[in-house]
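Chain order of the listed sequences is A and B. Heads up: the first sequence runs through residues 1 to 437, numbered per the numbering used here. Heads up: the second sequence runs through residues 1001 to 1437, numbered per the numbering used here.
Some clues are possibly wrong.
What the hints assert, rightly or not - On the chain B side, residues computed to face chain A include the following (Cβ under 7 Å):
(1) K1028
(2) P1051
(3) P1193
(4) F1195
(5) E1221
(6) G1279
To be verified - For each label pair, taking beta carbons as the anchor points, the in silico distance ranges come out as:
(7) A/A177 <-> B/V1383: 25 to 35 Å
(8) A/S229 <-> B/V1383: 24 to 34 Å
(9) A/E335 <-> B/E1347: 26 to 36 Å
Claimed, not checked - List time: in silico DSS-like cross-link candidates among lysine-lysine, alpha-carbon distance up to 30 Å:
(10) A/K28 <-> B/K1028
(11) A/K427 <-> B/K1222
(12) A/K172 <-> B/K1028
(13) B/K1181 <-> B/K1050
(14) B/K1362 <-> B/K1386
(15) B/K1121 <-> B/K1181
(16) B/K1427 <-> A/K222
(17) A/K254 <-> B/K1028
(18) B/K1172 <-> A/K386
(19) B/K1028 <-> A/K121
(20) A/K121 <-> A/K222
(21) A/K427 <-> B/K1362
(22) A/K427 <-> B/K1121
(23) B/K1386 <-> A/K172
It should be emphasised that the hints constitute simulated quantities derived from the structure, not laboratory data. A virtual CB, placed ideally from N, CA and C, is assigned to each residue, including glycine.
Protein chains: 2
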Amino acid sequence: MIVDPIKIGICGLGTVGYGTYTVLTNNKDEISRRVGRELIVSHIGTRSIKPHQNVGNTRVSNDVFAVAEDPEVDILLELIGGYDVARELVLRAIANGKHVVTANKAMIAVHGNEIFAAARKQNVLVDYEAAVAGGIPIIKAIREGLAANQIEWLAGIINGTGNFILTEMREKGREFADVLKEAQALGYAEADPTFDVEGIDAAHKLTILASIAFGIPLQFEKAYTEGISGITIEDIRYADELGYRIKHLGIARKSDDGVELRVHPTLIADDKLIANVNGVMNAVMVQCDAVGPTMYYGAGAGALPTASAVVADVIDVARSISHPQDSVPALAFQEDSLSDLPVLPIEAVDSAYYLRVQAKDKAGVLSDITEILGDFEINIEAVIQKEPRVHDSEQVLSVIILTDEIREGTMNTAIANIEALDAVSGKVTRIRMDRLE
Amino acid sequence: MIVDPIKIGICGLGTVGYGTYTVLTNNKDEISRRVGRELIVSHIGTRSIKPHQNVGNTRVSNDVFAVAEDPEVDILLELIGGYDVARELVLRAIANGKHVVTANKAMIAVHGNEIFAAARKQNVLVDYEAAVAGGIPIIKAIREGLAANQIEWLAGIINGTGNFILTEMREKGREFADVLKEAQALGYAEADPTFDVEGIDAAHKLTILASIAFGIPLQFEKAYTEGISGITIEDIRYADELGYRIKHLGIARKSDDGVELRVHPTLIADDKLIANVNGVMNAVMVQCDAVGPTMYYGAGAGALPTASAVVADVIDVARSISHPQDSVPALAFQEDSLSDLPVLPIEAVDSAYYLRVQAKDKAGVLSDITEILGDFEINIEAVIQKEPRVHDSEQVLSVIILTDEIREGTMNTAIANIEALDAVSGKVTRIRMDRLE
C-alpha cells in the first residue's frame, strides 16, 4: 500500500489493552484487507509490561499522557478504565485532534455528554462499542442498524458476572455467596464485587443504551439500581415452578410520560429466547415499531471479545478517515483484496450424520450396518433401534444412527453399501448434523 | 433545517415498497433527528397503486426507469425483485450517479459482482441490508461490527417459511404438505414454494453472507442446496429423542482447503440458543476468532421488518452524504435534537410482580393478603401456597403470588399493609416481572 499506515496509541495494557494489541497484531492482514490501509500500534502507554506480554519494539511510555501528546498517533485507545484520569486523558487527546476509542462504560455514562461535546468541537470521533456488552455490536445495531425505527424498549443481560452467578444458582442449587466466591476465583468477579452484583456496572451500560435508543442525554444518576445479592435458591425454584427464570436485567422503556431506566432482578417467561442466555454470556433484546423484537447475543466481557469491539471501532474510524464517502466496501473487503479460495463441492465437506435405515426384521442387520460404517472408519455416536412394526405385511424395523464427522464422499459410498444389504429396504434417510462449535 | 432534503425514489410498491414508504412517512421526525436532514420520497415507480395504499401527492410513474432518470432523486430504492429488470434498473441508476438501496437477494447473489464494480466506478453506494434476514442488521454486524475478527463459520436460519413449516411439524405433529398449505394460506409461502422450501432463497442469502464474512466474490452457482420437503415427522421425533432439533440451516465455513457453502436440513443440539428459534423468526450465528460466537435474531421477512432494513440503509447513505467524516452522531441523534423527556422515578414505573410472603400457619392469611391486593386493584395471575414447615419452632408457610402490572408506588403501599398483618413474618420478598412484550 502506498498511503501511510494509520497510527494507533494504546493507553492501558491490562486485560483489554493487551487483548486489543493481540487482535491488531494477529489479524493485521485480515484488517488491512478490510480497511484498505495498514493499521499499526505506534505507541503504548502503560505503567508496566507484564512478563507474558510481548509488544515487540513498539514505543512504550509509562505515562499515558505521553501517548495523548504524541503527534504521530492518529487514534488513541483509552483502555485504562475509571472515571477521572480517563476523562482527562480523553479530553487531552481530543484537544490534540486525535480520534478516540474507549471501552470505558463508567466514563461514558458519567462524563459522556462533556466528552462528546468536546469531540464535536474538535471534529474528531469518539467511539465506544466495547463499553456495552463487550463483543456484541449492540451500539452499532442501535445507532445504525435500527435507525429507521422508533425504539419502544430494550432489555439486556449486560453483566456477565451476575448472569454467571444466577445461572449457577439455578443449575446447581448453590447459594449466592458460594457462587460469588467461585466467580472471584475464576476472575469473573472483582475482589470488591459491588459494581457487578449491585447492578452499577449494568446501570452504566443501560444509561448508554437508553441514550442512543431514545435520543436523550446520558443520565446515569437517575438510573434505578437493585442488585442480585438478595436472590435466594428458594425464589429461583418457585419462579421455575411458575414457568419463569430470574435474570438481572437492565430495562429501558419509553412512554409519553418519560423514560424508565432500571436494573433489577426480573422474572421472565422461560420460553423467551433471552431467558435461556446462560453463564457469562450477554444478550440485549430491542423492541422497535417497524422491525418488532430483535436480539443480540455474545460474550459480554473478556480480553479478546472486548478487543473485538475496540478494534471494530478502530476500523470504523480508519475507514472513515481513509474513504469518507464510501467507508465500508460493498463486500466488506477491499475489491483488490478478495480471495480466490475455492468453494468446496459437497463431497469434500466433513459433517456428522443422522441416518435412518429401514430393515426387515432380521437378526444381524444392525451388526451388518455397523460393520460397513466401521470399514469406512465412521464412528457411531448413538444408536436407536425401535421395535419392529408391520408395514405391507412385512416386519419393518427402523435403525437410527448418529455418526461422528466424516467426509461426505465417504459417507455416500457407505450409504450405497448399506442400501445394497439384502435386509435393508429402500433408501437410507440421511440428515447432516452440526455441532456449531 | 436549512439544507435541502434528501430525495428518495421508490421503485416497486409491493409489500416491501409500501412498507418502506410507510416507515419513511411514520418515522419522519425520528429519522430527521438521527440524520440531521430531512428525507422525502419524491418519486415512486409502480405499475399500480392499490386501493389501500396512500402516497399523498408524491409523484408516481408507471415505469420504474423514470425514477432512475429523474435528476431530482438522490437515492433509488430497488424493491421490484427478480433478476434482469432489477439489474438493469440498478445499473441505470448507478450510471446516472444515484446511490442505490436494494432488498433483492437474488439480484445481489447473482449480479452483485457486476453491480458493485459499476458502483465503485461511479463512486456511488449500493447497500443491501434487507437482502439477508429481513430486519436483522446482520450485514452491518458482519461488515463492520465483527470486522476485527477472522470469521471461522456462520450458520443461519435465513428462510422464515421453512422455519415456520419445521416448527409446526414438530410442535403439532403435522406433515410437511399439510403445513405448507397453511403457510401459503397465511401468505408466508408463495404459490410456487420452490424458492423457499428447496433452499434457493436461503442459498442466495448465504452466498452474500459468505462473501462478506470471508472476502470472496459472490458465487451463488457453487452453493449446495437441499430442501426440507423430504423431512418427515418420524425423523423430527427421533431427533428430539436424541436431544436434537432439525432446522433448515445455511452454513458457510472457511478452512485452508476452501469455503463450504451449503443449505440443508441440519440436526443441532436442543440446548443451543439457535435451536430454539421458532416460527417465522430468523437467526444467524457467527463464530469468530476473537469474540467467539455471537447471534443475531429477529424477523426475517414481512413488510415493516424488511422496510426497517431498507430505511436503515437509506439513513446510512444519507448520513454519509451529509456528514462524510462524522456520519453517525455520538448518541445516535443529532446533538441539537436530544429530547428532554424525563427519567421516571421507580415509584412511577408499572410492573408485574412476584411476591413471596412468609406467614405463620393460620387459616385466612391468604384471604387477608388477597383482600389487600384487591383493595389496591392489583390483579393476581397465579398463586402457590406451600405446605407449612417448621422454622424456629413455629409453623411457617410460604405464599407466592404473581400479580398483573401495577404502579410501583401502589405496590409499595400494598406490601407495607401485607407486612403489617399479624400472621405475616418479616419482609415480603418482591421481584419484578417483565413480559418483554
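Is it true that the CA of A/K28 sits at most 30 Å from the CA of B/K1028? 41 Å, violated
Would you mind confirming whether the straight-line C-alpha gap from A/K172 to B/K1028 stays at or under 30 Å? 51 Å, violated
Against the range 24 to 34 Å, how does the distance between the Cβ atoms of A/S229 and B/V1383 compare: consistent or not? Distance hint for A/S229, B/V1383 holds at roughly 27 Å.
Given hint A/K386 paired with B/K1172 - CA-CA distance at most 30 Å: With Cα atoms ~22 Å apart, B/K1172 and A/K386 stay inside 30 Å; holds.
Given B/P1051 as an interface hint, is its Cβ closer than 7 Å to any Cβ of chain A? With a minimum Cβ separation of about 23 Å from chain A (threshold 7 Å), the hint on B/P1051 is violated.
Measure nothing beyond the straight line between the CA atoms of B/K1386 and A/K172; if it is 30 Å or shorter, mark the hint as holding. 22 Å, holds
Assess, step by step, whether the Cα of B/K1121 is no farther than 30 Å from the Cα of B/K1181, and give holds or violated. The given pair, whose Cα atoms are some 47 Å apart, is violated under the 30 Å limit.
CA of A/K121 to CA of A/K222, is that 30 Å or under? The given pair, whose Cα atoms are some 27 Å apart, holds under the 30 Å limit.
Need the status of pair A/K427, B/K1121: alpha-carbon distance at most 30 Å? This hinted pair is violated, its Cα atoms lying about 53 Å apart.
Hint check, B/E1221 versus chain A [nearest Cβ-Cβ separation less than 7 Å]: 9 Å, violated
Given the hint that B/K1181 pairs with B/K1050, test it: the Cα-Cα distance must not exceed 30 Å. 26 Å, holds
Given the hint that B/K1362 pairs with B/K1386, test it: the Cα-Cα distance must not exceed 30 Å. Holds. B/K1362 to B/K1386 sits at ~13 Å (cutoff 30 Å).
The structure is inconsistent with the numbered hints 1, 2, 3, 4, 5, 6, 9, 10, 12, 15, 21, 22, although it conforms to all the rest.
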